[in-house]
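A.B. asks: One letter stands for each residue in the lines below.
There are 2 protein chains.
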Amino acid sequence: MRLSCIHEILIGSRDQEKAKCTGEVCLNEACKRGLPCRVECVSNQEAVERSEVIILAIPYKHLDSTMSGLTGFEGKIVISPINPMEKSEFFAYIPPVEGSAALHLKTLLPESTRLCLAFNNISGNRWRDIDQELEYSVAVCGDDAESKRVVMEMIDQISLLKSYDAGPLAMSPVVEGLTPLLNNIAKCNRMKDVGVKFV
Amino acid sequence: MRLSCIHEILIGSRDQEKAKCTGEVCLNEACKRGLPCRVECVSNQEAVERSEVIILAIPYKHLDSTMSGLTGFEGKIVISPINPMEKSEFFAYIPPVEGSAALHLKTLLPESTRLCLAFNNISGNRWRDIDQELEYSVAVCGDDAESKRVVMEMIDQISLLKSYDAGPLAMSPVVEGLTPLLNNIAKCNRMKDVGVKFV
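Just so you know, the protein sequences line up as chains Y and L, in that order. Quick note on this note's numbering: the first sequence kicks off at 1 and runs consecutively. Quick note on this note's numbering: the second sequence kicks off at 1001 and runs consecutively.
Some hints could be false.
[To be verified] Facing chain L, from chain Y, some residues (calculated, C-beta under 8 Å):
| hint | residue |
| --- | --- |
| 1 | F90 |
| 2 | L108 |
| 3 | P110 |
| 4 | F198 |
[As the list claims (entries may be wrong)] Pairs of lysine-lysine residues, derived as DSS-like cross-links and limited to a Cα-Cα distance of at most 25 Å, are as follows:
| hint | chain 1 | residue 1 | chain 2 | residue 2 |
| --- | --- | --- | --- | --- |
| 5 | Y | K18 | Y | K32 |
| 6 | L | K1187 | Y | K197 |
| 7 | L | K1032 | L | K1020 |
| 8 | L | K1106 | Y | K162 |
Keep in mind that the hints were calculated from the coordinates and are not lab data. Where is the CB? At the ideal position from N, CA and C, for every residue including glycine.
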């Protein structure tokens, strides 16, 4: 997987031992391939305090409990890749009353936090496979133009991802809902880890 | 635009003169290019009665008035490409109380009608340009497996379209909502007639 810029990565976790394990796996795999990489494992609170851009890569069901007690989000860029969905016979999009996970998250953050939506439609399996390129489109939503620009630049540095400004945070229900749709397409058409390209 | 099968096309309209004009334009353009084509222009009621597969290619705001008084949908396959959306600064998905245009349409049809969702995410401009191929993915939703198969086969005969079974009609809000998202992506990234591919 190509990376055209080196970022300092902090992996935050409620369980610092778990974060350490994840960090070590990341570092080992990157070093084996000669990729430059800087990873540090810290508590969630330290990750929030020391980061400029915070990616909340957690399942929706853990969102409230993870956010509870965390402080220091003022002025930071927060990215939500969170998709509230459930699986029975098919995958279904089950958003909270606010209309989407991102719109719910907005109520948990200070007003000065610059919340963006991104990475919602890329399968976790594809991120783990660092020997393969990620050739997908990434819809980025948000109400603050400057933070959207920062997030889009970051995305365009990762593998073959291509970012697209997808409008305001009000579009988040569609972007989040696209993930259960892609999961159903995978299931119904015997495919794996289906993603999306805007053409 | 390639077509690997010849269908008999009935263009239905409330205004038969308008249907005739549309039909003549289609026939002329097809004949000029040596494409085989059979098009007949009839009233909406006649189109419903004589067709096996009915594509309701109308704006959402005209759905109720168009359906009012039409009969004979029993057992037929009906395709909804309808996206209820509004435009102010950005495009927004504004579904009816049932959750989507397709789920609303379901309440207007007899129980035996086999309703599918398809063609929602292809721009009208791209359909009009018959010298260009359409290279898009088409999500097909529906609760009846046999009619979904018929619709998917039909789609795969058109240009370079590729159909994907996208699960039950319950997924229709996401597929319909994808269209205003694609419109916003076009607007925000200075693109035209953006479509989608599942990869």
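A.B. asks: Each hint: holds or not?
C.D. replies: Outcome of the hint check:
1. The beta carbon of Y:F90 comes within 5 Å of a beta carbon in chain L, closer than 8 Å, and the hint placing it at the interface holds.
2. Given hint, Y:L108 at the interface with chain L, is violated; its Cβ is 24 Å from that chain's nearest Cβ, farther than 8 Å.
3. Among the interface hints, the one on Y:P110 is violated; its C-beta lies about 25 Å from the nearest C-beta in chain L, farther than the 8 Å criterion.
4. Hint status for Y:F198: holds, given a least beta-carbon distance of 5 Å to chain L, under 8 Å.
5. A C-alpha spacing of about 21 Å is found between Y:K18 and Y:K32, which places the hinted pair at or below 25 Å, so the restraint holds.
6. Restraint check for L:K1187 and Y:K197: satisfied, since their Cα atoms lie roughly 17 Å apart, inside the 25 Å limit.
7. Taken as a hint, the L:K1032 and L:K1020 pair is honoured in the structure, with Cα atoms around 18 Å apart against an allowance of 25 Å.
8. For the suggested pair L:K1106 and Y:K162, the alpha carbons sit about 38 Å apart, so the restraint of at most 25 Å is broken.
In this structure, the earlier hints numbered 2, 3, 8 are contradicted, and the remaining ones agree with it.
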